[in-house]
Each structure stands twice: as structure tokens, then as C-alpha cells.
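Chain residues, written in single-letter form:
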Amino acid sequence: MSDVRVAGTGLTPFGNSPERTGRDLFAEASIAAFEESGVPRDDVEAVLYGNFMGELSEHQGHQGPLMAEAAGVRAPATRYESACASSGVAVREAVKRIRNGENDVLLVGGAERMTNLGTAGATEALAIAADDLWEVRAGVTFPGAYALMAQAYFDEFGGEHEDLAHIAVKNHENALTNEKAQYQRAIEVADVLEAPPVSEPLGLYDACPISDGASALVLTSESYAAKHDLEAPVAITGTGQGGDRMALHDREHLARSPAAREAGAEAYADAGVDAGDVDFAEVHDCFTIAEVLALEALDLEPIGEGISAARNGRTTADGETPINLSGGLKAKGHPVGATGASQIAEVTDLLAGEHPNSDHVADATTGVAHNAGGTVASATVHVLEVVA
Amino acid sequence: MSDSENEVHDAGFDNWLAAAEEGDAYYLECANGHGSLPPRRVCPDCGSTDLAEADLPETGDIQTFTVTHVPTPAFEEDAPYATAVVDFGSVRLTGQVVGVDPEAVETGLSVELEITVSETTGERVIGLRPA
Ligand SMILES: [Zn+2]
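As given, the protein sequences belong to chains X and B, one line each in that order.
Everything in the first sequence is counted per UniProt numbering, starting at 1 for the first residue and increasing by one.
Everything in the second sequence is counted per UniProt numbering, starting at 1 for the first residue and increasing by one.
In short, the hints are calculated from the structure, not lab data.
There's no promise every hint is true.
[Said to hold, decoys possible] Using C-beta positions, here's what the derived DEER-type ranges look like: (1) Glu-19/X <-> Gly-23/B: 50 to 58 Å; (2) Ser-110/B <-> Pro-65/X: 48 to 56 Å; (3) Ser-223/X <-> Ser-48/B: 42 to 50 Å; (4) Asp-274/X <-> Asp-45/B: 24 to 32 Å; (5) Thr-49/B <-> Asp-299/X: 15 to 23 Å; (6) Ser-110/B <-> Thr-119/X: 33 to 41 Å; (7) Asp-299/X <-> Val-100/B: 36 to 44 Å; (8) Glu-160/X <-> Pro-73/B: 29 to 37 Å; (9) Pro-40/X <-> His-9/B: 49 to 57 Å; (10) Gly-243/X <-> Glu-53/B: 23 to 31 Å; (11) Thr-49/B <-> Asp-132/X: 38 to 46 Å; (12) Asp-45/B <-> Pro-65/X: 36 to 44 Å; (13) Asp-101/B <-> Ala-190/X: 39 to 47 Å.
C-beta: ideal position from N, C-alpha, C; glycine also.
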């Protein structure tokens, strides 16, 4: 089976730019990805694009062809929607197409325009990733759902808000050198503990920001990369996807993410690696507790111990397994539809030695990207390796 | 508002809310004894299409909870409010805890169902009152 090479990556700055349209954001990301790849636009056979709230935020459905046009690509284009895992599932579909020989060159990515909705509007838009009848109408917000999981985790395994605070501190620290990050500003544990509550036990600094931004990847088959002499040393070698019941209350576990576990196991098996081979990971830390659940689901921490990983230094930049060297969703930002592909971009750049934090993982050969939808009713995991 | 002529009725869910208001809350039970919530035609656990209504137990226990300070616009005037996941045996439900200070809510608290309304919109909301 052919490896899938990441030939080029492109990201806009993530942050607050309410005036910028989705098409403008994706155009910028795609230009960067094409420039880095050296792949001509004419060779692209399809565009796979992730977006979640386009209808609500800019009254725009049918975004696939619009975004192909914005990127200057004449090819069939499809939008993928799986809440915050939208571009994670787009990447997975692209990997499968290249592997099965259907395509040699694909443009994959995503974008989200959010800040123009304001805090209340964005809170409402994000909430629709939950079950409308049984959760949203009971007043469950997106932070509220993760708060329900955080409290369940504390009750089942112990831990406290201060443990979570160390995750936020770590991810802000990692973002200091990431010029694309929304927050390039260090915070302290006390800042997290003293921040206004959003949905207890989670406060303002436990949550990722509302962000605008886009991501783009040019993916090619191994044979195309060889034939065109591309500089593309990093490959996506494993892909996995998991699913779970929609409403949190219908899940077997309130403090675990079985969908992410399924996705991780499938991706590890696909790549022929196990958790012990993972040098670093970008995980979906939309809230501090989400990073804990992700680490445990990916077997990077034993069940019930992920809560102490940041506090004890295991996941910091100089720890055994650095997590979210980009700053994560927490500090880099979370333009929902862009996030999954942006994580692949960060892992690629870290492995290729082209990331401001690459020095922390200088000998790394294997990185993982974990992207979760909603309260992890869907999840994708990808394994990336240096192959050339 | 719930009485608006333009309001679309959500079959299954609105029927359930009406029954719960009358004290006749139910869940759906399949031939293999799995519980689930309407509207539903297929048991999500086993695929059985043989679903019957069964009485929801009078009380349940809070399994996890949160106090929300930053709500969606539909609950702007209700905040802060406590939301909880409650175990009623064969099914769990999510609702707002009423009749008690949000800060007094805790895991393990026994509650009963009480359909209430949003202070913001007047829409019906699944409420949970300490039993
Ligand atoms: Zn069943």
C-alpha cells in the first residue's frame, strides 16, 4: 500500500478577524500549502474540505465548490462535516482515496469563521454539536458538556481544577513561539484558577478561544512524490475513526472517550505502531479536561492518570511525550472546521524540523494527531512518520 | 414560545414532555430490555424494532453535574443554573436542577423529574428537583 505524503502545509494565523470571509481564509491557507509543496494546482484531482457552522456564521452552505474556486482549483469538491472533527474526517477520506489508487493529488483542509457571531452566537452554534432535543434544550452548552465530563472524572478518578490548570499553562507556554497562534502569551496556574467560571469546574482559561482560521494540506501518493521529486519526508501511515452515542448521558462512560480509543487503536494498527512508539502528539484540547481524556484514550497515559501528566511534567515540551507543542486548541485557537487538518500540519512540520518547537522533538520519527467531534461522539486519529 | 402557531411539533419528544408534565414519564424498552429515549424506532443497543413504553422510575441519582454561567441565548436569564446527568436505571437523562441553590448540587443527590420552563424563552425544560 502506498504511503500518503504530506507535500505541503498551510495555515492562516488563528485568531480574531471577524471581517474575513471563509473563502478568504481558505485561499490564504491553500496558497501557502501549494507554495510549499511545489505541486501545480492543475494536478489536484479533488478538494476535501471541512467546515461545521458555515450556514450559521456566514449563511453559506455548499462550501466545497466555493472553496475549490477560492483555492484556484478546478476539480470536484466536497464538504465534510463532523463538528469539530470535520477536517479530521476530510483528511481520513483523502488518505483512503490515495491509498486505494483513486487519486494521486488532493487538496484537503478546512476553515471556520466564528468571531463574527460574538460569544453568545458562537456558544449557540457550537452547542448544536450536541443532541438538540435531549441536551441543548436542557441548557447544555459545549463547555457545559465537557464540564459534566470533568466532574465525572474528578468523582471517578480524583484530581482537581489545579491539575487541569497545568494543562492550560503548558499549552500557552508551547504557543509562545508559534506565530500562527491566537495567544502567544504565558499564563500561570493562578490565572486559570481565578478566571471567571464558564461551566463549573471549568473556567475561562480552561476553554479554547473562539477563532477564525483555515488550514490546508497538499497530499500526494508516494509514486507522485517520487516522480516529481517532491521534498515530502513525512507520511500519514495510519488512520482511524471511532464513533459513540450522540448524547453524553447515553454513553457507557461519562469520563472516558471510547470513540477516540477506537480511532487510536485503528490508527496504531494501521501504521504498525503502538503507543510506546509515539514521540509526541497533537490532541484535541478544546477544554483542559479533553486533553486528559485524549491521552488516556490513546494509551499515552493509563486510565485515571492523565490528569497529572502536565502537572508532573510528562507532557511538557521537555517531557517524555510532549503534547500540543503547537499550543493546542487552547492557545493556538480552534476555528472548528480547520482544526483537524491544522493538527496534521503541525505534526508534519514538527517531524520535518520546520516548526519553531521542532528542537524539543529533534529525534522524533512518529507523531500522532487526535481530532474529536462534539463531546467525542466522533473522533479521528492519524499517525505520521518520517519515511524519507 | 410553546403555544405559537408557527411552532413545529417534534413528534416523540414533545409527546414525552407532555406525558412527563402529567407525571407519566416513560422510556422505551426493547425486547431485550435495553432502555432508550424517544423519538426512536430502533434500539441503539441491539437493533430491535420492537419498542414499548415503560414507566420511568420516580427518582434517579445525579451522576455528574455542572453549574453553567455562560449560557446560550436561550438560557440567558436562567444563568447560573445547574445541569445534571441523572441515572434512572434503564436510562439516563440530562436536565436542569431546580428547587435548590446550584452550588448545593452534588453527585449522588436523589432527584425527581419536574418539567419546568426557561425564564428566558418560556419553553419547557426538563427539570430535576431534589426528592
Ligand atoms: Zn435492545
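Going down the list of hints, with the structure as the test:
1. Between Glu-19/X and Gly-23/B the beta carbons are some 53 Å apart, a value that agrees with the proposed interval 50 to 58 Å.
2. For Ser-110/B and Pro-65/X, the hinted distance range of 48 to 56 Å is satisfied, since their beta carbons lie about 55 Å from each other.
3. For the pair Ser-223/X and Ser-48/B, the beta carbons lie near 48 Å from each other, so the given range of 42 to 50 Å is met.
4. Taking the beta carbon of each, Asp-274/X and Asp-45/B are about 31 Å apart, inside 24 to 32 Å as hinted.
5. Separation of Thr-49/B from Asp-299/X is about 37 Å and departs from the stated range, judged on CB atoms against 15 to 23 Å.
6. In this structure, Ser-110/B and Thr-119/X meet the distance hint of 33 to 41 Å, their C-beta atoms being roughly 35 Å apart.
7. The hint said 36 to 44 Å for the Cβ distance between Asp-299/X and Val-100/B, and at roughly 40 Å that hint holds.
8. In this structure, Glu-160/X and Pro-73/B meet the distance hint of 29 to 37 Å, their C-beta atoms being roughly 32 Å apart.
9. As the Cβ distance of Pro-40/X to His-9/B is approximately 55 Å, the hint placing it in 49 to 57 Å holds.
10. Taking the beta carbon of each, Gly-243/X and Glu-53/B are about 28 Å apart, inside 23 to 31 Å as hinted.
11. A beta carbon spacing of about 24 Å between Thr-49/B and Asp-132/X contradicts the range 38 to 46 Å that was offered as a hint.
12. At about 40 Å, the CB distance of Asp-45/B to Pro-65/X agrees with the hint of 36 to 44 Å.
13. Taken as a hint, the range 39 to 47 Å is violated for the pair Asp-101/B and Ala-190/X, whose Cβ atoms sit roughly 27 Å apart.
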